[in-house]
Every structure is written in C-alpha cells, then in structure tokens.
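Colleague: Can you build the whole structure from these sequences, using the hints too?
Now for the letters of each chain:
Number of protein chains: 2
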Amino acid sequence: MTERTKITLDESEIPRQWYNMVPDLPAPPPPPLHPGTLQPPGPQDLAPLFATELIRQEVATDSYIDIPAEVLDVYRLWRPTPLYRAHRLEKALNTPARIYYKYEGVSPAGSHKPNTAVPQAYYNATEGVKRLTSETGAGQWGSALAFACAQYGIDCEIWMVRASYDQKPYRRTMMETWGATVHASPSRATKAGADVLALHPDSPGSLGIAISEAVEAAGGGADTKYTLGSVLNHVLLHQTVIGEEALAQFAAAGESTPDLIVGCTGGGSNFAGLFFPFLREKLAGRANPVIRAVEPAAAPSFTRGVYAYDFADIAGFTPLLKMHTLGHDFIPDPVHAGGLRYHGMSPLLSHMYELGLFEAVAKQQRECFAAAVTFARAEGIIPAPEPTHALAAVIDEAKRCTESGEQKVILTALCGHGHFDMAAYERYLSGEMEDFELSQERIDEALTRLPQVP
Amino acid sequence: MTERTKITLDESEIPRQWYNMVPDLPAPPPPPLHPGTLQPPGPQDLAPLFATELIRQEVATDSYIDIPAEVLDVYRLWRPTPLYRAHRLEKALNTPARIYYKYEGVSPAGSHKPNTAVPQAYYNATEGVKRLTSETGAGQWGSALAFACAQYGIDCEIWMVRASYDQKPYRRTMMETWGATVHASPSRATKAGADVLALHPDSPGSLGIAISEAVEAAGGGADTKYTLGSVLNHVLLHQTVIGEEALAQFAAAGESTPDLIVGCTGGGSNFAGLFFPFLREKLAGRANPVIRAVEPAAAPSFTRGVYAYDFADIAGFTPLLKMHTLGHDFIPDPVHAGGLRYHGMSPLLSHMYELGLFEAVAKQQRECFAAAVTFARAEGIIPAPEPTHALAAVIDEAKRCTESGEQKVILTALCGHGHFDMAAYERYLSGEMEDFELSQERIDEALTRLPQVP
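For the record, the sequence lines run as chains A and B. Going by my numbering, 58 is the number at position 58 of the first sequence; the sequence numbering is gapless. Going by my numbering, 453 is the number at position 453 of the second sequence; the sequence numbering is gapless.
Quick caveat, the hints were computed from the structure, so don't treat them as lab data. Just so you know, not all the hints are guaranteed correct.
Note that the list lumps identical chains together, so a pair holds whenever it fits in one copy or between two copies.
[To be verified] In the DSBU-like style, the derived pairs of lysine-lysine whose C-alpha atoms are separated by at most 30 Å in a straight line are: (1) 399 / 130; (2) 91 / 130; (3) 130 / 322; (4) 6 / 191; (5) 130 / 408; (6) 191 / 399; (7) 408 / 191; (8) 322 / 399; (9) 408 / 322; (10) 130 / 191; (11) 408 / 282; (12) 282 / 399; (13) 191 / 322; (14) 191 / 282; (15) 282 / 6.
Source: prediction; values computed, not measured.
Modeller: Put into structure tokens, the structure is as follows:
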C-alpha cells in the first residue's frame, strides 16, 4: 500500500464547537427584513416558528459556539466522517492532481443533513417542543429530521412534495421507519394545502407549497415548531463540523492545505460547511485556496440570478432575505438533483459571493452524471445527484492539471450517497437523461415579481 | 460523552492475512463428491469454473493466507469497518448487557460481500480471466461482484432472478453503474435459461436457475470463469477479515471478549467471517463465547434440515456437498431476507455444527422487522432484512439480561444496510408483512429427492 486512502479520526476528535463565519467577514451581511415593515424582524417575530436557541445562533456574533454534549453523543454515531484521497480516480484520470473528498454519506440518513437536524431537534426538545414540522423535496432533509427526532423522542411531521412522495416511496418509508408522519403535499391537513387542492386536485406539489404547509402546521401551538434544512445562518453554522474535521484530517495526513475547494450549492449549507473553516485560515493568512461553488444550470442563482431582497418561499410567508435569486416563484426544470432545485441561495453565502470570497460555475446534469459514473467505477461510492456537480468540476480541474502538469491539491464535499437516486442513474445509463436550456426570458419574467424594497 | 460508541481502526490495521479455520478443527470436514464417481473432485474438475488460486484456497491447510497488496488496496476504500457499541439500543432496552455490532454496510455495495468479491475478481484478473459470471437473488452479491470487477478492469455478467430484476430495479442499476451486464433469469442468453422459458415463458426465475445460467455461461471459454458469493470455504476464508478486525477492536476498546456472538445465516459466510477468529481464541483457551446462528424460519437448514450430501443448486450441476439441507429443490417461502432463502448451508459450518461448536435458532420475519425498527430508531442505521434475524436474537438475549441482571457482552454482525429493502419495511410498517408456517410434510417431501450416497 502506498499513501493513505482513508484519513479517519477518532470519535474523541469530533469538533467541540461550531465555527461562526460572520464575525470574520470584512463586512456584516445585510439583515433580513419583515415584508410589512421592511425592518429587521426581532426574536419575537421568529419565536412562534423557531426554537429560541436557534434564533440566537442565527444572529450570533461569537466566533465559536459550543456543541452540546447530547448533540456530540448523537454525532458520534457517524462522525468524524472519513476524508478520502481519491487515488483510484486520480489514476483513472491520469492526473498529477491530488484529489480529496470529505464523505458525509456515512450518516444514517446518507447525507450531511443530520449535522444540523440533530442540534435543531435537540434544542427544540430541551425547550419543551413536542413536535417538529418541515418540508422535504427529494427526501434528504425529511429523512435527517426524522432520524434526529427519533433520537430525542419528539414527533416529526413532514410535508413531502407529492411528485417525490409518489416517485420516491423508499425515502418516505425511511422517514416512517424512524417514526415520522409523512404527508403528500399539497395535503388536506392544512388550509394552505387544501386551498391548492381545491384549485388543482391533481397538483404535483412544490417545495414552496410544502414549506407553506409545514409553517402553517407549526403555527398551531406552543409545543410545535418549524425547522429548515438549509439557507439560514444557523444551518450553515452547524455544518462547519465538516470543514473543521477536514482541516484536522489534512494535518493528520501531512498534506498541505488545498489549492482548490469545490462544493455543490442548492441552499448552500454543505458547501459552506466545508469551506468556512478553510476560509478562516485563508483570511488569517495560513492558507490560500481558490473556492468554487458549482450550481445546476437549471437553477443558476449565483451565475445568472440577481442579488436582491426576495422571499425564501413561493407563497411569500417568510421574511425578505437579500440573496442571489431567480425570483421566488421561479420553478427550476426537473433535474435529478432535487436538493439543488431552489430559486434562491443562502443570504450569508450570497453576501460573501458579492465580497468576492469565492467563485461560481454552473453545470448541466449529463456532464455531472458522466463524472459520477467515472467516480463510482474508480472509487466505489455512488454519489447522490447533488455532489455530482462538484465532481464534474473536480474532474475538469484534474484534467487541466493533466495538461499543465500542476500537482494541485483539490478538496471536495461528497455530501451524500445515491442509494435512493438510482432511477436517475438508470435514465443516464439508458441515454434518456436530458439537459435543459434555461432562457434569459424565463429568468427575466420571474424577476418582474421581485418584492419592491427601496 | 461517556464510553466510546464507534471503535475505529486506522487503514494500516487492516488484517494482512485471512484466517483458515479448517486446520484448527478437531476433525476435518467431509470432502465434496463428484456426483458421477462419488469421489472427491480434483482441481482439474473445478478448473473450468474457478480461478486456480481460489481452488487452492478451497482446500488449503495453512492456518493463514496472505492478502495480496492489490486486494488490500481496494479493501481500504472501506476497511477497517467500524465496531459500534450500541449505547442507545441498550438504553432503549434498559438492559445491563453491553451490545456491540460490527458494521459491514459501509462498503460500496453496502454489505460484507465485497470482502470476497474483491479477491475473487483479483485472482481471476491475475490469471488472465477477462469476464466473470455469477447469479444474484436480491442483488447484494451481484452488486459486490460488479464493483470488484470494475476495480480490476474485467467484465462482469450477472444473472439476476427475474422476480428481483423486476422488483428491485435499483440494485440492477447499481450493477450497471459499475459497468456490469445484467440479465433477467431465466434468459435467452443460455440454453439452461431458454429451456426454462420454452416451458414457462412467464417464469419468475429462481436462484437455482440463475446459478445454472451463470455456470453455463462461464463454461464457454478459457477467458471466462464463474464465482460464488457464499457457501464455499474460500468465501468464508475471505470474510474472516471481519472477525480479525473485531478482535483488534475489542482489544482497543479495553473490552473483554464477548460472552455471546450472534450472526444470521443463509449460506453462512458473514456469520463465519465474524466468529472464526473468536472461535480460534476459544479453542486456544483465550476466550469462551457462546456462538449462535440465526436462520429464517422459512429456510431452517440447521434447525430442521438433515445433514447429508446434496447439490448446491436445483439443477444438480454442482459437486455433492455434505451440509445441512432442506433438499436441493426446496423453495423457501418469499420472505424479504432474500440472502437467507437458501436450501442448504456452508459445508464447513455444517460440519462445525455437528461438532457442537455453535448453536442455532430460527426466527419469523415479523419479529425480525420489529427488532429492526427498534434498532433503527435507537442507532440510526436501517439494517438489511438478513441481519435483522441476528438483531432479533440479540434483543432476546438483552431482555433476558434485563431480567437476570447479567452484564453479558454481546457481539453481532450487522452485515449490511437496508437502503434497497425499504419496500420490505413499508410492508412491515403498514401491517401487511406475513409470517410463513413451514410444515414438516413440505420438508420431508423435498428430502425424498436427496441424492443417494452410500
């Protein structure tokens, strides 16, 4: 055996603190705004929906926040996650680049989502909440929350977009195995859902409708709260365990810091979780990675959206967030990377993109699946559709290194496995997968309905 | 955090040798017999089907066999696998028992099968074989072989039982993602398959038919060989990396050796892989575990079969193996644990059972799925249907400890995850899963067709 393939850490090396990027930025991100008053919402505006501690973390100015022992006790079921050196992929690409991937698919739900689902369930449980609601599209977030709620003995109620509910019954069963209740959305369990069904009895649903239902259901009483699996600051905060571990693993492997960090972006949490700790090092002059987001060409908020105040949901229930957006009622074409089909972007990441702290590219899905198959045959792991976007960009860069002879060190986030996405692989392998061209007219049209903020 | 949950080893601690149980037994196992001559087959009888090195390992008398560097290089993609202390399950059961599980679901294919698929593909590749054939029922073995063949650049052709092919398209796509060709069996690609289709155009297939097709296809030329994923000595040998690692992990955790080792048995390889190294220690007076096999009540070869020479396949193509059998044309009821639906048992394990080296119990599937849901809600991991049998027996014992106050140390093999088996969970959770009563008449009837061996 040559150099190490799998750099593992002992469970005693799980980070004890989450890293808050905000205080280290050259300028603070613009605040959210209440859509009525156009003033920043206070804690009292968010308290009916979110646990108090999560609201506190959302606006925290501390650089580090302690991870509670009861959260660490669940994290250690799968954390620290392995950092892999992709020896076999490098060989397949004949590249002098050294490729590393941080693999989050070892979690029970199969992605990075439990990193935030677990603390969200924990804080709610400690504050006396008996039931959490949320929405899920492809099912990754719903699975993670169902698992997390089972750990702390609280109920979990998920609104799953009808199209996914019908197409991905196994994700639904996974949530039910962990004890969650799963509704197809639109449902008759909420007024928001019933209103949609009255107009469109056969509605396939959308993430926007599902959010509206979960938010409405959480408003019903003090013992029920709502949770969100991406976009918000506290979610990105919780995901920094990924990058903190990767930093320790690079040190353990005696490897220099990465020359390039690549991650896929939907709401942005897995990408942020990986690179925030490395950016801290860069801002302190201890590392100098190029940082690159990869988004789907079907939902290119960074590369083709505008930076403006917009709603996080279709119905306009949420505060206004300043972010890269394609318009809150823009519906991305049905690419298989359901976790990236979002009109907007994390406000914190959007702010940082404006500051020039990282770059972004967009990829079509067939190129991504080609990269995924190359990766799977070399490394064994079959990736979820979302991180195939990052893999496609990694392979691009590795091939450039083959031509230039550069021995770049590349780090990427392999944020989940594709065990529940094999139908997408079937379509790719059978030649039936399509790419979607997104016209500028469609984007411009959706942007005409941006809320007016002076 | 209290005591460790996840006992990991560094990749430098992957075992360097497989352990051969045979020389340490008080008596050697009876040889296989050629069905025509009733004499033990020589290497020349097996050479058309199997790689030379695998035939050598099948009859090896060395206690240890070196693992080639090229196999270790692939093993380290997922090995060493974690040993978990089931703190949260113990708490849910309120038991003083200390429960450990060795988790093989972290392999790319999601089970223990790659432990033998990788060396089988490697030895065949080094001997100039260009194509491997095999059969698969539920898809675990076929997936593992497809992955292994991709690692060494050889072709892989799998006959998948038609019923599974139709019901589990995602396992099939997984094999295709790794580059394998998958046939629904019975197929028109072989005479054996075509003969069945001529009589039964709508045949759902069976493992016996699929074996016949894969064996026939391997007979076509010197560059094609056949592989088997369980039952044979060399398969059990390769699986001993599981138990060797677990021994090292018990030592690393400062834990005493187990009082009880529990594993599920279909062909027997995952169970053998876990307990052989512990039994070596027991025979040497360094440990004293009770060892318990758990088989499905629908295929109870140990507990209700006879110990006799029989064919390993329905068609009678294989040598005669002395084993616990329900009769080679006995078709188990359609329980969800497809990997345990086998009429026979590893001849080596059968011999050892006769020697009294371990005990066996049988379980109905609803009890097993109840155990699986308890396990999943406590520990996060959703088990494959096969190891739920072992988990049910572990929970039995843990509850006995709750009553007696005994602090037994229990070790089990969690040989795979259930990500491709969620339909079974759906049936269980919806109350539609059935248990099957197996009448003595059905067993007796199948046993009337045992081959006559004086």
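Colleague: Compare the structure with the hints numbered earlier in the document and write down the numbers of the violated ones, lowest to highest.
Modeller: 3, 4, 5, 6, 7, 8, 9 and 14
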